[in-house]
Amino acid sequence: MSNTPQIRPVTGARYSRIHGVGGYRPVRVIPNAEVLTWIESSDEWIRTRSGIAERRWAGPEESVAEMSVQAAGKAIAQAGIDPARIGCVIVATVSHLKQTPAVATEIAERLGCGTAPAFDISAACAGFGYGLGLADGMVRGGNAEYVLVIGVERLSDLTDTSDRSTAFIFGDGAGAAIVGPSDTPGIGKVVWGSDGSQKDVISQTEAWDTAFAKEGAINGAGEETRWPALRMEGQTVFRWAVWEMAKVAQQALDAAGITADQLGAFIPHQANMRITDAMIKALKLPESVPVARDIAETGNTSAASIPLAMERMLESGEARSGDLALIIGFGAGLVYAAAVVTLP
Numbered sequence: 001m002s003n004t005p006q007i008r009p010v011t012g013a014r015y016s017r018i019h020g021v022g023g024y025r026p027v028r029v030i031p032n033a034e035v036l037t038w039i040e041s042s043d044e045w046i047r048t049r050s051g052i053a054e055r056r057w058a059g060p061e062e063s064v065a066e067m068s069v070q071a072a073g074k075a076i077a078q079a080g081i082d083p084a085r086i087g088c089v090i091v092a093t094v095s096h097l098k099q100t101p102a103v104a105t106e107i108a109e110r111l112g113c114g115t116a117p118a119f120d121i122s123a124a125c126a127g128f129g130y131g132l133g134l135a136d137g138m139v140r141g142g143n144a145e146y147v148l149v150i151g152v153e154r155l156s157d158l159t160d161t162s163d164r165s166t167a168f169i170f171g172d173g174a175g176a177a178i179v180g181p182s183d184t185p186g187i188g189k190v191v192w193g194s195d196g197s198q199k200d201v202i203s204q205t206e207a208w209d210t211a212f213a214k215e216g217a218i219n220g221a222g223e224e225t226r227w228p229a230l231r232m233e234g235q236t237v238f239r240w241a242v243w244e245m246a247k248v249a250q251q252a253l254d255a256a257g258i259t260a261d262q263l264g265a266f267i268p269h270q271a272n273m274r275i276t277d278a279m280i281k282a283l284k285l286p287e288s289v290p291v292a293r294d295i296a297e298t299g300n301t302s303a304a305s306i307p308l309a310m311e312r313m314l315e316s317g318e319a320r321s322g323d324l325a326l327i328i329g330f331g332a333g334l335v336y337a338a339a340v341v342t343l344p
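Here full-length UniProt numbering is used: position 178 in the sequence shown is 178, and no number is missing along the way.
Please note that a few of the clues may not be correct.
[Unchecked claim] Straight-line alpha carbon distances no greater than 27 angstroms define the calculated DSSO-like cross-link-like pairs of lysine-lysine that follow:
| id | residue 1 | residue 2 |
| --- | --- | --- |
| 1 | Lys247 | Lys284 |
| 2 | Lys189 | Lys247 |
| 3 | Lys98 | Lys74 |
| 4 | Lys189 | Lys284 |
| 5 | Lys98 | Lys199 |
| 6 | Lys199 | Lys247 |
| 7 | Lys281 | Lys189 |
| 8 | Lys247 | Lys281 |
| 9 | Lys199 | Lys189 |
[To be verified] Each pair of labels, with its calculated beta carbon distance range:
| id | residue 1 | residue 2 | range |
| --- | --- | --- | --- |
| 10 | Pro5 | Asp277 | 52 to 60 angstroms |
| 11 | Lys281 | Thr4 | 51 to 59 angstroms |
| 12 | Thr100 | Asp200 | 48 to 56 angstroms |
| 13 | Asp43 | Trp227 | 21 to 29 angstroms |
| 14 | Thr100 | Pro5 | 31 to 39 angstroms |
| 15 | Thr4 | Trp227 | 54 to 62 angstroms |
| 16 | Gly196 | Thr11 | 17 to 25 angstroms |
| 17 | Val27 | Asp277 | 25 to 33 angstroms |
| 18 | Arg320 | Ala255 | 22 to 30 angstroms |
| 19 | Gly196 | Ala296 | 30 to 38 angstroms |
| 20 | Trp243 | Asn3 | 53 to 61 angstroms |
| 21 | Lys281 | Asp200 | 27 to 35 angstroms |
If you are wondering where the hints come from, they were derived from the structure by calculation, not from laboratory data.
Just so you know, these numbers come straight off a predicted model, no measurement behind them.
Ideal Cβ placement from N, Cα and C applies to all residues, glycine included.
Based on the sequences and whatever the hints tell you, model everything.
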């Protein structure tokens, strides 16, 4: 018989759920009319192609950290917990421009989360789903009682306003959720993954080191510099999202043991209204199931889009606390994450 000491087992909650959700939308509204001063297009073309009528862009004071703190404060209040009980802060973002330290550490300190671990993840538009999967595991694994998951973006910093294919798409904002213990299952299996063979379909135009080297050369010649921006092969992304993500969404339903007609809401990543409509058709979603269409007023806010849309549906009464919602995010990587959750 071995005399090796045994590690004391860690036990957590049997189940987890979302206890509160909150969002922050920047003050400045960018209507399509303003976008048309940047690119040659029309309001009808933008609405038909994307479903977007306007988007929010952050001002100088609306930093990634500030928007996150505002959204998280609402989620914490709705959950009715002391911030000191938060055992981890996860921030999903691709637009926090400082490589280190993680913006999550500043957010945790400002919220009063004590010495809770805090870190950033980069999973683009699937970031909130990735964070949700991590939080669920932490709560049930006993590594945290409550976890704060934030999706936040300032994509206006990475938007090329002269690019007709992307200038009208992106917006800024933050969404947050508190994940904690539950007596009943509140978060289904997260169906997540990636396809690195298509990593260049959505990407930053160039690496920062390349951009900085070029900036030095251009500045020496007295010419205007261009900031790295997001680029996207729209048709490729559209086809992938419509055909492959509908399958992933169905897998999430099957894993949760839920059928489409039992849903109280469908909250997909707000990427494109046509993609949403195609997924509804592929899933054979009943007309009685409300669908998030936050993109019309908010644009594509990447990691922030699902919690922002969730908050809007709950505040408007379109969806109700306790309803089951199917969420799915997908984007650069290419990455994806889907799950059935109980709404807070």
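How the hints compare with the structure:
Distance check on the hinted pair: Lys247 and Lys284 sit about 12 angstroms apart at the alpha-carbon level, within 27 angstroms; holds. Under the criterion of a C-alpha separation no larger than 27 angstroms, the hint pairing Lys189 with Lys247 is consistent with the structure, at around 15 angstroms. Restraint check: the Cα-Cα separation between Lys98 and Lys74 comes to about 25 angstroms, which is no more than 27 angstroms; the hinted pair holds. Only pairs whose Cα atoms come within 27 angstroms are accepted, and Lys189 paired with Lys284 is accepted, the gap being roughly 21 angstroms.
Our distance criterion of 27 angstroms between C-alpha atoms is met by Lys98 and Lys199, whose separation comes to about 22 angstroms. Annotation: proposed proximity of Lys199 to Lys247 holds, straight-line Cα distance about 20 angstroms (limit 27 angstroms). Distance check on the hinted pair: Lys281 and Lys189 sit about 23 angstroms apart at the alpha-carbon level, within 27 angstroms; holds. For the suggested pair Lys247 and Lys281, the alpha carbons sit about 12 angstroms apart, so the restraint of at most 27 angstroms is met.
Proximity of Lys199 to Lys189 is assessed by CA-CA distance (about 25 angstroms); at most 27 angstroms being required, the pair is judged to hold. The beta-carbon spacing between Pro5 and Asp277, approximately 59 angstroms, falls within the hinted interval of 52 to 60 angstroms. A hinted range of 51 to 59 angstroms for the beta carbons of Lys281 and Thr4 is consistent with their spacing of about 58 angstroms. In this structure the supplied range 48 to 56 angstroms is violated for Thr100 paired with Asp200, their Cβ-Cβ distance being about 26 angstroms.
Look at Asp43 against Trp227: about 27 angstroms separates their beta carbons, and that is inside 21 to 29 angstroms. In this structure the hint that Thr100 and Pro5 lie 31 to 39 angstroms apart at CB holds, the actual value being about 37 angstroms. Checked against the given bound of 54 to 62 angstroms, the beta carbons of Thr4 and Trp227, roughly 56 angstroms apart, stay inside it. Gly196 and Thr11 have their C-beta atoms about 36 angstroms apart, which leaves the hinted 17 to 25 angstroms range violated.
Evaluation of the 25 to 33 angstroms hint for Val27 and Asp277 yields a pass: the beta carbon distance comes to about 30 angstroms. The hinted range of 22 to 30 angstroms is satisfied by Arg320 and Ala255, whose Cβ atoms lie roughly 23 angstroms apart. At roughly 32 angstroms, the beta-carbon separation of Gly196 and Ala296 lies within the given 30 to 38 angstroms, and the hint holds. For Trp243 paired with Asn3, a C-beta distance near 57 angstroms keeps the hint of 53 to 61 angstroms intact.
At roughly 29 angstroms, the beta carbons of Lys281 and Asp200 sit within the given window of 27 to 35 angstroms.
The structure is inconsistent with the numbered hints 12, 16, although it conforms to all the rest.
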